[in-house]
Amino acid sequence: MNRKLLSLPFIFWSAMFVIVPLCMVFYYGLTDKSGAFTFDNILAIATVEHSKALWEALKLSVISTVICLLLAYPLAMILCNMNVNQNSFLVLIFILPMWMNFLLRTLAWQTLLEKTGVINSILSALHLPSLNIINTPYAIVLGMVYNFLPFMVLPLYNVLVKIDKNVINAAYDLGANGAQTFFRIIFPLSLPGMFSGITMVFVPALTTFVISKILGGSKILLIGNVIEQEFTQTGNWNLGSGLSIVLMLFIIFNMVISVITDKEGEANTL
Amino acid sequence: MIKTTAQKIYLGLIFIFLYAPIITLIVLSFNASKTRAKWGGFTTKWYAALFRNEQIMQALWNTLTLAILSALIATLIGTIACIAMQSMKRTSRAVLMGITNIPMLNAEIVTGISLMLLFLSFGIKFGFGTILLAHITFNIPYVILSVMPRMKQLNPSTYEAALDLGSSHTYAFFKVVFPDILPGILSGFLMAFTMSLDDFIITHFTKGPGVDTLSTKIYTEVKKGIKPEMYALSTIIFVTVLILLLLVNYTPKGKKKK
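Just so you know, the sequences run in chain order A and B.
For what it's worth, this note's numbering labels the leading residue of the first sequence as 1, then goes sequentially.
For what it's worth, this note's numbering labels the leading residue of the second sequence as 1001, then goes sequentially.
Everything labelled a hint here was simulated from the structure, so no lab data went into it.
Incorrect hints may have been included.
To be verified - The calculated DSBU-like cross-link candidates involving lysine-lysine, where the alpha carbons are at most 35 Å apart (straight line), are:
(1) K115/A with K1152/B
(2) K1008/B with K4/A
(3) K115/A with K1038/B
(4) K165/A with K1003/B
(5) K1125/B with K1152/B
(6) K162/A with K1152/B
(7) K219/A with K1227/B
(8) K1008/B with K59/A
(9) K219/A with K1152/B
(10) K4/A with K1227/B
(11) K115/A with K1034/B
(12) K1003/B with K162/A
(13) K1152/B with K1089/B
(14) K1223/B with K59/A
(15) K1003/B with K219/A
(16) K1227/B with K115/A
(17) K1008/B with K115/A
(18) K1175/B with K4/A
(19) K1152/B with K165/A
(20) K1224/B with K219/A
Being a predicted model, the structure only gives us computed values, none of them experimental.
So here's chain B without its partners, still in its complex pose:
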């Protein structure tokens, strides 16, 4: 009894530690005073101002399109790479998995500067395109690492059975293999999307002047003071995701149970 109470207290403390800054930001988004330091009364004016702030809206648009595009392309490249790796010999698969792990284990700052040097040397113009290339690069490993375990669990006999029963390779793949690895693909996509959305360091080194994501915009505002509209925007994003998660977790699970 004492043990479970102690455990609950511990969980609670960790929870407070992780959520204290988030709650602070949500509170700040309703703060009438422009500075972070003092509380000037409750207001929702920043939420209205947010949608009139073209710079923030542009940064939001950039961030979202980057996240969606990079996650989609990374999911495509990563998934077909997993399909290929499944039919490879052990050693070549190990080599490819090793390469997959490089961006995961390497420091983000090194990945960032290495890509910056690449784009500089090849004279590629810094802008939306370079950020997209960089994001795809660090997103592919997340997809592979979440699809690969699913691939390994597949029973190869089912695919062969489909072929024996006269289906074509493509048909057999989409009817037999694809449904089984779909959860892995989806979680890989979501992971990639989240990582792209939250990335700052790699974007910082691969962005060009004039193109900003929310992260880089916030970083340039750190010194001057963050515009309160930013707090409002992140509160909206956070609450939206929270509601979506609650919906996913608490919808009737009748279908899912086997």
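Extracted from the complex, chain A is given alone in its bound form:
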């Protein structure tokens, strides 16, 4: 049938703007300036400067992902149990803030966290010790949690809302208490959503360069900052591509896990 031909624009577009560009990253990453094959750009990750940036990024993104998970799980459960119009509430919490520019929202945290900022004014009015986390890794973690929390809540909510209430009631009928029901029934059933949420938070957190720049006071370099500098300032595309390949290894590892755990595509966030 000629209906299949309708996929041609999409296939062409994906080949041209998704596949070919990715191949180019690999090409530049695996060659030097003269075009000769080399592993140097990838091995450059081992230098002190780069490995420190990668380690810092890994550390902060893992911490942020864990915090997001801990915050989002109860939130998703509460949202599931609410009877009010959930959709409009979800939109209010997660989609609406996106219409305020992401950079401005992150920048607003600067105003809130500054030494003489809003939060410290409130704290000192209450005679509490002041909070000095601006330009430290803590502020970056806060920015990451703030920006990526929705990506954790939505997939979790999507799996939790689909759990059959009868299954939970059956567990209670068979004598399980609240904790047992949670750990033996609800938690295992929510795993696909959890893994998909972890991917959705971990990848952007690992690769961000904006949050660290705005809230880290440009003292803290993450791997994203290093790559961004290679492309926009130093102009060493080969090195930038090589480091991106290293980053992609982490992303691919993450993708494989989420594909294995989410075969049905149940936790698709949209």
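Based on these hints, arrange chain B on the given structure of chain A.
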């Protein structure tokens, strides 16, 4: 009773966490002092200054046209791809869905630099066109992922029944299939529009000198200090969307109920 109160407090705290920066920005848009650090009294002068600031107006125009064009084109490509995928074999559909997921799961910075390398190698001039191509690329997956579930819910018999009753393929499609997948198409379009509007990272790598969207304009201003007009503009955008959402949610729902 205690449980529901605790739940409400938790929801409230999350709500404060998510909205504190937004409220800060709205307050700053009325701040007479030019710096963020101190409060210089209430003023609406930034709102007047905003419409005289040609750079910001140009950036706003670029952002909106990019969002509309990229969302429209992505919706078109994505929707017809979904129609095609519906009639494909399982494996080829799985391959295409896999490709769809690449820009979704890949890091934005990698998508950005990969497109930058592509445009550089092919000698394409950086500017509005390259940003548009990039935005369409990352918008298509959002459309496919929101239309595809609708497609799967379709009952193929209704389409066949229309054909049996003598309608042409095109007529049957627009009369039978299209109304059913329309909500998916619309939400895909809206999602794409929002993503394009809020994107910074990919735009940062694919823009040329002289062309700015609101995001890239803000980014260059971060160091020098953001112009207060920017706060005024984002407040206007935010309040407009809020009002629209309220209107959509609280209009009489008599028609919708089945």
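Results of checking the hints against the structure:
no.	hint	result
1	K115/A with K1152/B	violated, 54 Å
2	K1008/B with K4/A	violated, 50 Å
3	K115/A with K1038/B	holds, 12 Å
4	K165/A with K1003/B	holds, 19 Å
5	K1125/B with K1152/B	violated, 41 Å
6	K162/A with K1152/B	holds, 17 Å
7	K219/A with K1227/B	holds, 24 Å
8	K1008/B with K59/A	holds, 32 Å
9	K219/A with K1152/B	violated, 50 Å
10	K4/A with K1227/B	violated, 51 Å
11	K115/A with K1034/B	holds, 18 Å
12	K1003/B with K162/A	holds, 23 Å
13	K1152/B with K1089/B	holds, 14 Å
14	K1223/B with K59/A	holds, 27 Å
15	K1003/B with K219/A	violated, 44 Å
16	K1227/B with K115/A	holds, 22 Å
17	K1008/B with K115/A	holds, 31 Å
18	K1175/B with K4/A	holds, 20 Å
19	K1152/B with K165/A	holds, 25 Å
20	K1224/B with K219/A	holds, 18 Å
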